[in-house]
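Student: Listed here are the chains, written in short residue letters.
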Amino acid sequence: MIDFVSICDYTGTFAFAISGMRLASAKQFDWFGAYVVGLITAVGGGTVRDMLLNTTPFWMEQPSYFIVSGLALLFVIVFRRHVIKLTNTFFIFDAIGLGLFVVVGLAKTLAFGFPMWVAIVMGTITGSFGGMIRDIIINEEPLVFRKDIYALACVFGGCVYCICLRAGLPTALLQFLTAFSVILVRVVAVKYHISVPVLKGEE
Amino acid sequence: MIDFVSICDYTGTFAFAISGMRLASAKQFDWFGAYVVGLITAVGGGTVRDMLLNTTPFWMEQPSYFIVSGLALLFVIVFRRHVIKLTNTFFIFDAIGLGLFVVVGLAKTLAFGFPMWVAIVMGTITGSFGGMIRDIIINEEPLVFRKDIYALACVFGGCVYCICLRAGLPTALLQFLTAFSVILVRVVAVKYHISVPVLKGEE
Amino acid sequence: MIDFVSICDYTGTFAFAISGMRLASAKQFDWFGAYVVGLITAVGGGTVRDMLLNTTPFWMEQPSYFIVSGLALLFVIVFRRHVIKLTNTFFIFDAIGLGLFVVVGLAKTLAFGFPMWVAIVMGTITGSFGGMIRDIIINEEPLVFRKDIYALACVFGGCVYCICLRAGLPTALLQFLTAFSVILVRVVAVKYHISVPVLKGEE
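Residue numbers (my numbering), protein chains in the order written: chain A, -14 to 188; chain B, -14 to 188; chain C, -14 to 188.
Read the hints as simulated data drawn from the structure, not as lab findings.
Any given hint could turn out to be false.
Copies of the same chain are indistinguishable here, so a pair counts whether it falls within one copy or spans any two.
[Stated by the list, open to error] Derived pair list, reagent style SDA-like, types lysine to any residue, alpha-carbon separation capped at 20 Å:
| id | residue 1 | residue 2 |
| --- | --- | --- |
| 1 | 12 | 134 |
| 2 | 185 | -4 |
| 3 | 93 | 42 |
| 4 | 185 | 59 |
| 5 | 93 | 36 |
| 6 | 185 | -7 |
| 7 | 12 | 128 |
| 8 | 12 | 182 |
| 9 | 132 | 13 |
| 10 | 132 | 174 |
| 11 | 185 | 124 |
One chain only, chain A, in its complex shape (with noise of 0.2 Å):
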């Protein structure tokens, strides 16, 4: 059965894979070579998140993640012209999914006996890593850091996330909350053009 965590986890890796894909094709990257970055926009974050935790990545105990992937590239070849236009649906499951996946580093990071802070910072890898490693392959100094509130968003979630469990929150709820308040934050982000301000250099 699949239910509302897979749906969401779904969704943000297609919404991922698709962000990754579309920068790739602006590189004239060939499909295999767009498929890998996509995929690595998607599972990128939460690799490192394991690699670091030193657990066996995600991904490697079920292909789903390579199906989706798969399938956002047939996405991107066919619906081709189309994708432009979807701009504003992707930017609302690429939120959805950075909610989700800030979350799912939170909440793994506990269970591996780590003190909240790691979690925090585990939380904002597993949303932000993914999409420094696709500017990273297609070399282009990472968005992540440089454009609207993005990696900011997974910190806010996880002080959210911190918060609630302080206050005895019901597990179901404390994740909602935290993914919401991340969606909330780059919507609201997007929406006003806020910013964090750029670091002045010397001269």
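Position chains B and C against the provided structure of chain A, taking the given hints into account.
Tutor: Relative to the frame of chain A, chains B and C by itself:
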């Protein structure tokens, strides 16, 4: 005693290291930097595989990969003017190395108890991630995803391995056929300029 | 109680973080992005070392590296105009940090039971990979392999460690001599513009 597999392994390491050093020299890296880029090109794929398999990287068990990379550096320094004439020779060495690296990645992953599809992914990572990391360090877009068939040859080899294994072929034969099929795909793709279609962008 | 080694460690972390933040600010990263780049510059080398050693990264055990990096960010924001005048001071801090990072990498690897040559490799990775990852993220060719003697100073320190260990020197003295030799090589290389020859290309 140095067996046939070790000879192929060192040949591949030598060729992969040379490819890294040639690209590093075009970017004005110093000798030591070129050595590091060559070494990472040669052992990078297997290192990522071993980190994902959560085991100690293979090169930490014996210094031979560092020595072979050192010989490759010496070769590039001494025969600088002649290296370009040897491009075709290096291409064959590189293809042999690729074939062997894929086989090593497949066999090691199955020995760790993972299913066949994970082994195919790991064989592909073993063969192609060294070149990808090389291109990231020298600040270029990865060639492995944009030129001829490279990473896809590794996937093809993995499928051949899978079929031969289910057909019950003896280990030596199935490893030979896998390596051979990877090399064949590479040679045919380069000779006849066969490549995966470029993923077309949105405008 | 904060001992001498911890002071050197935090000094190095601070200087490494500053070097990451200065380069990030030249690329228009926002405050949070600059913080992440600074942090990765400081802990990146040790993190790669710990992942290769198949152990939990050192920074997951205590939040001090995150706090020191935060102070470095505050310093860069507040003293922006004066940072450039302090370049020489930072250079010394950076060299002290490098010396200490190499010693930590050597000692930790030997404590895990690896042979000396692996320890020298790990000492070099601990000292130089943070800067390499920094340059990859900000999309530049790695400085550590192109300018003055940097990574090679780490290798030299490793050899000094090896010789002192075989000579039976007490731990404190051998660690001091190793760190000192790394710092000395760095200072002499920069002062007298000594560098490794560039690997000449093919045309």
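Student: None of the hints should be skipped; say for each whether it holds.
Tutor: These are the hints, each one checked on the structure:
no.: 1; hint: 12 / 134; in the structure: between (25 Å within a copy, 17 Å between copies)
no.: 2; hint: 185 / -4; in the structure: neither (37 Å within a copy, 23 Å between copies)
no.: 3; hint: 93 / 42; in the structure: both (12 Å within a copy, 17 Å between copies)
no.: 4; hint: 185 / 59; in the structure: between (42 Å within a copy, 12 Å between copies)
no.: 5; hint: 93 / 36; in the structure: both (13 Å within a copy, 19 Å between copies)
no.: 6; hint: 185 / -7; in the structure: neither (38 Å within a copy, 28 Å between copies)
no.: 7; hint: 12 / 128; in the structure: both (16 Å within a copy, 11 Å between copies)
no.: 8; hint: 12 / 182; in the structure: between (29 Å within a copy, 13 Å between copies)
no.: 9; hint: 132 / 13; in the structure: between (24 Å within a copy, 10 Å between copies)
no.: 10; hint: 132 / 174; in the structure: within (10 Å within a copy, 39 Å between copies)
no.: 11; hint: 185 / 124; in the structure: between (23 Å within a copy, 18 Å between copies)
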